[in-house]
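Protein chains in written order, with our numbering: chain A, 1 to 476; chain B, 1 to 476.
Rather than coming from a laboratory, the hints here were simulated on the basis of the structure. Be careful, since some hints might not be right.
[As the list claims (entries may be wrong)] Pairs of lysine-lysine, DSSO-like flavour, derived with a Cα cap of 27 Å:
id, chain 1, residue 1, chain 2, residue 2
1, A, K247, B, K439
2, A, K28, B, K28
3, A, K336, B, K126
4, A, K325, B, K28
[As the list claims (entries may be wrong)] Which chain A residues stay away from chain B? Per the calculated CB distances, all over 10 Å, these:
id, residue
5, E16
6, G35
7, G90
8, K126
9, M145
10, G321
11, C431
[Said to hold, decoys possible] Here are the simulated distance ranges between beta carbons:
id, chain 1, residue 1, chain 2, residue 2, range
12, A, D133, B, R61, 36 to 46 Å
13, B, E378, A, E192, 11 to 21 Å
14, A, K242, B, D188, 44 to 54 Å
15, A, Q391, B, D188, 50 to 60 Å
All C-beta atoms in this analysis are idealised placements derived from N, C-alpha and C, irrespective of residue type, glycine included.
2 protein chains.
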Amino acid sequence: MAKEQQFVKNIANIEEDFPQWYTDVVIKTELVDYGPVKGTMVIRPYGYAIWENIQKELNRRFSELGVQNAYFPMLIPESYLMREAEHVEGFAPEVALVTHAGGEKLAENLVVRPTSETIICEMFSKWMQSYRDLPIKINQWANVMRWEKTTRPFLRTSEFLWQEGHTAYATEEDAREDAQKMLKCYSDFAHEFLAIPVFTGVKTEKEKFAGAVETYGMEAMMLDGKSLQAGTTHYLGKNFAKAFNMKFLDKNNALQYAFSTSWGVSTRLIGAIVMAHGDQRGLSLPPKVAPIQVVVIPVAQFKEGVLEKANEITDKLAKMGIRVKLDARDASPGWKFNEWEMKGCPLRLEIGPRDIQENKCVLSTRYNCEKFTLSLDELDTIPALLETIQQNMLEKSRKMRDSKVVEASSLDEIFEGVENKNFVKAHWCGCRECEDAIKNRAAATSRVIVEDAKEGTVCAVCGKKAEKVVLFARAY
Amino acid sequence: MAKEQQFVKNIANIEEDFPQWYTDVVIKTELVDYGPVKGTMVIRPYGYAIWENIQKELNRRFSELGVQNAYFPMLIPESYLMREAEHVEGFAPEVALVTHAGGEKLAENLVVRPTSETIICEMFSKWMQSYRDLPIKINQWANVMRWEKTTRPFLRTSEFLWQEGHTAYATEEDAREDAQKMLKCYSDFAHEFLAIPVFTGVKTEKEKFAGAVETYGMEAMMLDGKSLQAGTTHYLGKNFAKAFNMKFLDKNNALQYAFSTSWGVSTRLIGAIVMAHGDQRGLSLPPKVAPIQVVVIPVAQFKEGVLEKANEITDKLAKMGIRVKLDARDASPGWKFNEWEMKGCPLRLEIGPRDIQENKCVLSTRYNCEKFTLSLDELDTIPALLETIQQNMLEKSRKMRDSKVVEASSLDEIFEGVENKNFVKAHWCGCRECEDAIKNRAAATSRVIVEDAKEGTVCAVCGKKAEKVVLFARAY
């Protein structure tokens, strides 16, 4: 118990200093570490295993949608960025430039990709001749670079890992549908795999991707009431097609510009998991994404037969397809309990001499700290138990989220709403000035457009006719 | 038939112009394309799927050896490279430098990683306190950059993909063993998964990794008799430990430098597969690495019941865990046969109206063009057939390789040997001058040291006492 207190003390108080709590958790659980260059992070094995689980699941979902993986060069000619006016304006200030290579100054500076629309559209334009070559649906897993002076591991770093999907279609309709379909793919993934309920919708002009016609976002509510943009999809229209001469011959043998989309999620998702499910004791991982789903901890492990039984149980669970780990280190069970609690392992299984005698084990769930015994003849109920934990974690997050969405009809109410750690639904006239006013007064930004405003409603800021109902929040 | 001739004509003659044959094959089968910046490549879906199969299998093998995946920053302070004298000498001439980022000139230039020993040792030194923290065994899948002016897709490009393993041990013995164990891991993988028989051994001083105490290599013989370095492992001693102050407290509470290793294979392996198994008709892929193991081609597919049966067969094979594709495009069977032959699909299954009547299908193996019928009741023999194809492809490569290793006891014989597209075994005194003489006379380099020379043998170049028997070859 003394140890437990000591232990909790090492993580900042989640209520009093959420940012420090976050940093303590991601560093102390060895998800991540700071790299030597400012703005960079090292993703350690425990964090990377989460990323690999995310990759596996997204690859499965993408593949069902006919998307194929590929890999494009990281260095992009600086001139490519400039071909799309909004795109360069958005990204030029934060790119890293390679100016020298192989001992010489380069004839043209190269940009370390902040995103790959430009180079991928250039290649697509080479690959498409006729409508028969369309659609093209490509995804790449890659590192990208957007210069940062501060470092918030997973949330804001110069280099991060992501997937970026890029497609080209013959018709506007199909491309628009793709952007929405991928948004749904992300949203389903967030709900079903990460147990994070998200809001989805169109972004306002101000918040859209540099170069897009329309950006769709999925926004996740963190425990501190702030929003984390967890994924975006973009309908790019002909913007990049025109910049990169991406044309095809249609059925009538006429040259047409293709319509493109792009969409991505990144290692930010790991930060989202931490801040959606964690608590004072550290991480709490949903079973589907957890590197270790069940940790088996022997009690009095040096007594005869204990380790043997623990091994037997571990093997059985592994054979059921569970990611299970036997922790047989020479340390006290209490110390191990603390460690695996902090690391967010969804289910702990204790087995000691008395348990063996009684043919049972003790289970402990991480997310709600329930403790109960299970007959060793019923180990095959554990996969279903993990499924239940996953469902309950989603339900818990959903309740939390739903209780923290408030409506506001004035600038003061919007301020009050976000100040009290809520998402705020407000009517909006559609103009940039009112969006800026909210930013200035409440430090909140529009996250997604929820729906069209009803006849007769007015903007919470200027009182003019409302066009949209928008979700505002402070954001990561 | 006319089409087939046409088709073969599009690939350069493999006997007359092997380099052009290689380029034609990798481009026309859509494994790869040239990127817009000189020296870069785009790995297209068909090539990337091969890479993903390689990744999956190596991850499985690494994990069994206790290796964990992680991710380290791509940008390395230039000063890091300089801390290890040989390392900087080897890599400085070919690095790409980021000098500006976020709109400003950087205080220190950053190197795009050509390899990550420096930054990883820096992090290891932070993570290791006592001997209890050792060994550390980490792998990362990443892009790396070594500036090139020419582009040979997969073989020589500025940016390529690879895995780099990095370990730290408390003792020299364990670290040396790691370098050898990983060499065996690579060699087993090459034999069992890629069906490429490789030579393994220690590299000479001249050929070793910049910064290593000892480098082990695995060398694969290509169809043109040249060698391709397909993977290396390095015992780094305390070299990097000293440069990065990588120390731990041993059992006696004394500070000690750790011993480290590193090891890697890259997308070069895809080039190795092409040049080890291909022929005039294009690629020939071993089943284990092939993105599509069986292609099902309906004959007279618009006749009633044909597509239905083809679909049924495809589903059955997929359920057996086979990577199978039904090619139901609106094109002639002959055209499809050619395409899938060029793309190296190991097994083709044809099904037409008469076959259905007779309850059979026609199978065709890619590597030796055998054609035979199979009862539709015996589809479950196909996994074993794929296994046999895999074995036979290895056997075929092994025979080819063994027939092309010759011994030489003079500079002229070495020249003659490599000129006739062989690997040449020769006795060597161990001095750099003789190695250089062979390079100058025969354009061949030492690939690996095969064994210690026997008492009384002499160097093929200078006639002095021989120390080693070495494999020389021209190399990619």
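Hints, verified against the model:
no., hint, result
1, A:K247 - B:K439, "violated (50 Å)"
2, A:K28 - B:K28, "violated (50 Å)"
3, A:K336 - B:K126, "holds (23 Å)"
4, A:K325 - B:K28, "violated (47 Å)"
5, E16, "holds (29 Å)"
6, G35, "violated (4 Å)"
7, G90, "holds (13 Å)"
8, K126, "violated (7 Å)"
9, M145, "violated (8 Å)"
10, G321, "holds (15 Å)"
11, C431, "holds (30 Å)"
12, A:D133 - B:R61: 36 to 46 Å, "holds (38 Å)"
13, B:E378 - A:E192: 11 to 21 Å, "violated (40 Å)"
14, A:K242 - B:D188: 44 to 54 Å, "holds (52 Å)"
15, A:Q391 - B:D188: 50 to 60 Å, "violated (43 Å)"
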